[in-house]
Amino acid sequence: MKLIIFIILIFISECKPDQGYIRMQCKTDTLWFPDGRIRFESNKKDWKAILFSPVQPLPMNLQYHASGFTAIVPKNTGTIEGLGKLVCISGSKKYFFNIVLKNRVVTISGYLYTAPKYIQVDSSISQQRIWYKTDQYSNLMLSDSQDACFFDEEIINTSRKAGIYTPIKQNPITAYYILSGATKLIPIQVLTDANKKLLHVIAGPLKDKYGNVLQNGTLAHFFYTSNDYLYRTEKSVNNGYAEMFVRQDSIKNLYVTINNVYSKKIKLATVR
Amino acid sequence: MALNQHIWHDYLGKKLLLAAMSLVLITHGIIIYYTLPDTYDAYVHIFFADHYARFWFEPWEYRWYTGFLTISYPPLVHQCIALISKIFPLKIAFCIYSIFVMEVFIVGMYRVSKIFFSKTVAGVAAILTVLLSSVIETLHIFGQMPTLTGIAFLLNALPFLYLYIIKRKVIYLVMCLAFLSVVICSHHVTAIFGMIFFIAPTIITALTDIMPPEKRSRSIFLFVKNIIRQFITSYKPILIFGILMIVLAIALIFPYWYWSKTDPISQVSIPHGSRDNFFRNTSSGLVFYIIPLILVFAFLPAITYTIIKKKRYLGWAASFFMCLLLGSGGTTPLPKLMLGSNAFSILTLDRFGFWASIIAAPFMAHFIYSFLTGNVFTFCKKRWTSSIHFILASLTGFAYLIFIVFVFHLAQFRPLQPKEINIQPILNFLNRDDHVRWRYLTVGFGDQMAWLSANSLAATVDGNYHSARRLPELTTRPVERLENAKFSGKEGLASLTDFLTNSEKYNLKYIFSNDRYYDPILYYSGWNRTIRLENGIMIWEKQNIATIKPIAYKSISPWLRYAWGLIPVASLIFVLLLSVIYIKRYKEPIYYHVLIDDFYPRNIIYASSFLPLILSTAFIGYQVYELLLVKQQHTPEQTVQNFYNRLDFQEFDKAYRFFLPSSYYTLDQYLLEKSVTDGGLLPSYSKLDSIVTKRLKTDRDTAQVQAFTLWRTSVGYISQVDTLQLINRNGKWYIMPPTFHIQIPETQIRDYTYTLFKKQGKRVISSFPTVKDDRTHKPLINIDQINLIKNNNAYYIVGEVTNTDNIPAYVSIRAVIEYGSHRQQIYYTKQCMLYNLLPRAGSVFKIPIDSISSLKDINALKIYVETDVSEKGYIHGGTVGYKIKHVDDNTILIDFTMYNELTTELTIPGILIAERDTAGRIWQVDLYLHHRAIRSGLETQFQYSLHKMANKSSMITNMPISVIVNGKHTKLQPVNKESADHKADGFSAVPHCFIAPEIYLQ
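Which chain is which? The protein sequence lines are F and Y, in order. For the first sequence, position 130 matches number 129 in numbering that gives the first Met the number 0, and the numbering has no gaps at all. For the second sequence, position 282 matches number 281 in numbering that gives the first Met the number 0, and the numbering has no gaps at all.
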């Protein structure tokens, strides 16, 4: 009986998998992207290596050689720089190695945040701007300013000239928008055709107090009376003008309003 | 009976059973895939199956009604389809399962018939069941797979119950309970009522058979007395069965009972055609009573004779007549009295008719067998000749088969569902741009809404399983589904309106519309059309809707979840394995105390031989008559009513046939005149609700008829009175074509300058949320005034907003009333508002508040305003002119004129009217919609009577109102008295029109 137990124990001990060994052979613990590699000494050939970067796990390519293997960063990848962990897995065993991750090749891009992006000239025109730079893998870079900080900030007064401004050329995302304000005056004129059958009512040029033409699509209401009816026509401003044609049948008291600003009232009965 | 006769019947019966099973494959098997999309319920069961395929052990289903528990319905059918769907697509899985169940059903019918008659008759019953109209209707029209599964396994359980009581062998009890377990796990209603209508008669039959023959008295009272005595002496097996049955019924679907107890159904009953009075509503009677039971009625004399002939059938006779009575719905008050008003208004009563037909099937088969080869055949041969018998049999079979073909295609003749919708474009839409993060709603989809749900992980506020509804907007109204609200009258539209206006509450952002009927209510509730998908579905969108937030779902114990996931399927596997073991080890030739005698009295033979032919032919004849031969122009009133019916279904070519034929008034001319005069809310977006005709004048050949029509639109009812002149030609009444008054626009080619805006959306192509520096800003809005008005006991908020920005704005406004203990009520603007505003445009608005008990209870009244950039909907109509025709203390009668200067028709001309006082304060806001469209370049006049509120209501000024615009507190400015809108006499009016053509996607 004892012999049987002994044989079983021997068998069990023989069945235990070989745990093997692993040893990192690099002089530095920095792993450079892309194509960085770390050499390991090991007596086994069934390794899997996963690099845990600050943002995502990355499976490493493995190259075996006589005394172990080399873990190689996949091509064309970059990373968020900082501390990472390389995990080498063999069977149920896992080995963790602390690694510093760095990008070797970088393209630097500049960014600009402007707030507010939409500025109506009737309100404040001061604007806050924040600049910063990143490499192509979104690592923040130190600015070129003397303070050597990551963000540069300034507050400026923008122009009151309505339009689209793009501080960084070829970068539409950085665009900000100066919008025209409200009109203070609605000039109005009425033209008639040769037969005096049709009135052409023109409201405009419609500008804000800084001379900017009103936004296309701004709603203008034309009011007039005819045969005891009070008529209301809605027209949108186009290139600074809102216009309307109306039959000249007993038209009286014609005026235009935009957002509670009134034109002069024209008593058309006297025009006839 | 001699043994060789038994063997012969055994041989013939099995052959007939095989024939029946093969017939299932070549009839139901072939057609089921094509009838499935038109069924009432198939897609609902497919949706449940999809749930189990995705989340087997998770009973919480979030995709309908903002979430419900699937333990509210026994799961076996759905789980089986879910398992098959792991290999086949869902629809195919449903078809495979239904064929399997039909085969089980046929075997069940064969086996249960053997209790009554010989095996040959049982084989005939099996074949008859394949072609039974009630079965075809249940499968191909109603798609009630759980009902079929329940009855299929119940029928298989009954012979084992019978044998258990007769022979008292445990194996029969085990087999019986195993089959009943599947019934319980498939359909609880079948299990409950099956105890009464199927199990009780089986027990009575068994008790009769074990009773000494001398005790089977001819007197019914003595027989009942003896049965009771027999029951007392043999109570043990019945008691054991009863106790085990109850234990199984509770244990197997315990989560269902747990749900019923903890979350009881308390909702307004939904009307169902099976509860109608079939004399009053003949179409319901046809679908729920006549069609499924036509053969039962045809063979009723023979069934009645046989079922009451022998005492052992007494229980079955009671069940049969009881089911037949309950299946008659509200035709008589008896079903309601028997079931009680609560059960009556919850149950769908057509299932009782279905059960009656199942009970009757063996008895019908008995007569058919006798008619073909038995005593009846001999009688017929003697009375007439065998040729006449052959002709009668052939004609009857042929007529019934034509009737069956009709039933198979009933959904085509009387469409129950909209045409099949290709859901792929909708799925593509839901899958992109995170659209699944909001809820959606379908309208005009029919039961296909369940099919869409089954194919998507997106959630809808609607659903198709009424018992699980818990949202008060749904449970307080008798509305089946939101998506077919138009068929539920006022209540349906009120329910739909609640969801359309309270959409933010349910994170409802998208509506997929397959029915333009809903366009007006959608547009005037602030929804914007976005795109029309390639399958023709229009997508409506509402802005400023938050994404779905995680909610605490109703969870049940993990044990119950695992029990729900494992026990039902295990019961089916168990019964299948047990059947194999039973057949191999325990099955023995069993011969019941069956009725060998197939004698029928002469009158019964005459009636039941001819009635099937007469009824089948009469039914087909009636259908043909209704389709082709019905006199539609027999009287002036009939002519007018049929004419309006054609108009209602937009069958203009058929409507034209009611006009007096004339070479001057051709179909082309009619359609042309119609196209220029007949657009708008009434002709294009309404359904005829009722029509009453009154003959004004009549003589021999002419008549004048007044038609009072009531039309149902999504924005309310419209009544109309038309007077039509009719003329009699060759016995048919024709309508004289109306005099056509043409309005001709001055211009031949119109131009109009629109300014369109395009929001670029995400300029950075990324599936991640929009980066901060690529977001558009929220348009600036100014709140001009807000007033809380009290009119009698009703309150409402009115006010005015202006878009002060340079971009068009979509504005959403809600009022939050805060009471003590953190209780709050939220109210939204409904139809009285312009939601989309051009730069510098403004709108008045109204928020109805349904209940404020006392102002003292209110802690705060807050108005939240949210804005978003609007791309569509900001063109509101043409030039509005108005003059006051009459004014007094209570009303202002206004003459309106509206001129359409746009390049497209104003489909629904509308005017948003606000009553103002001299200080410019708003007292009320109302929306008037004109019924007829205005074509481009034309003008129309109408009158509107404004009932003054300023004199009879009060403005609450001592209640502080907080205004929060885009999350920022804003101070209200004093009302601008000089505003142009205030200069008219006590009111202002702006156009608010719906433009249907999608050229502008208003």
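These are calculated hints, taken from the structure and not from any lab test. Every value quoted in this text rests on a predicted model; they were computed, and no experiment measured them. We put the beta carbon where it would ideally sit given N, CA and C, even for glycine. A portion of the hints provided could be inaccurate.
Taking lysine-lysine pairs in the BS3-like style, the calculated list, with each CA pair at most 25 angstroms apart, reads [what the hints assert, rightly or not]:
(1) F:Lys208 <-> Y:Lys882
(2) Y:Lys85 <-> F:Lys160
(3) F:Lys116 <-> Y:Lys882
(4) Y:Lys630 <-> F:Lys251
(5) Y:Lys882 <-> F:Lys168
(6) Y:Lys761 <-> F:Lys116
Covered stretches of chain F, as calculated for chain Y (at least 3 residues, CB under 8 angstroms) [to be verified]:
(7) 172 to 183
(8) 255 to 261
Status of each hint after checking the structure:
In summary, the hint linking Lys208 of chain F to Lys882 of chain Y is not supported, as the alpha carbons are separated by about 36 angstroms, beyond the 25 angstroms threshold. Distance check on the hinted pair: Lys85 of chain Y and Lys160 of chain F sit about 65 angstroms apart at the alpha-carbon level, beyond 25 angstroms; violated. This hinted pair does not check out: Lys116 of chain F and Lys882 of chain Y have alpha carbons roughly 46 angstroms apart, beyond 25 angstroms. Of the pairs offered as hints, the one joining Lys630 of chain Y and Lys251 of chain F is violated, with about 61 angstroms between alpha carbons and a cut-off of 25 angstroms exceeded.
With a C-alpha separation of about 57 angstroms, the suggested pair Lys882 of chain Y and Lys168 of chain F falls outside the 25 angstroms cut-off, and the hint is violated. Restraint check: the Cα-Cα separation between Lys761 of chain Y and Lys116 of chain F comes to about 16 angstroms, which is no more than 25 angstroms; the hinted pair holds. Coverage of the segment 172 to 183 of chain F by chain Y holds. Counting CB-CB distances below 8 angstroms, 5 residues qualify, and the rule asks for three or more. For the segment 255 to 261 of chain F, the assignment as covered by chain Y holds, since 5 residues bring a beta-carbon within under 8 angstroms of that chain's beta-carbons and 3 suffice.
Checked against the numbered hints given earlier, the structure breaks hints 1, 2, 3, 4 and 5 and satisfies all the rest.
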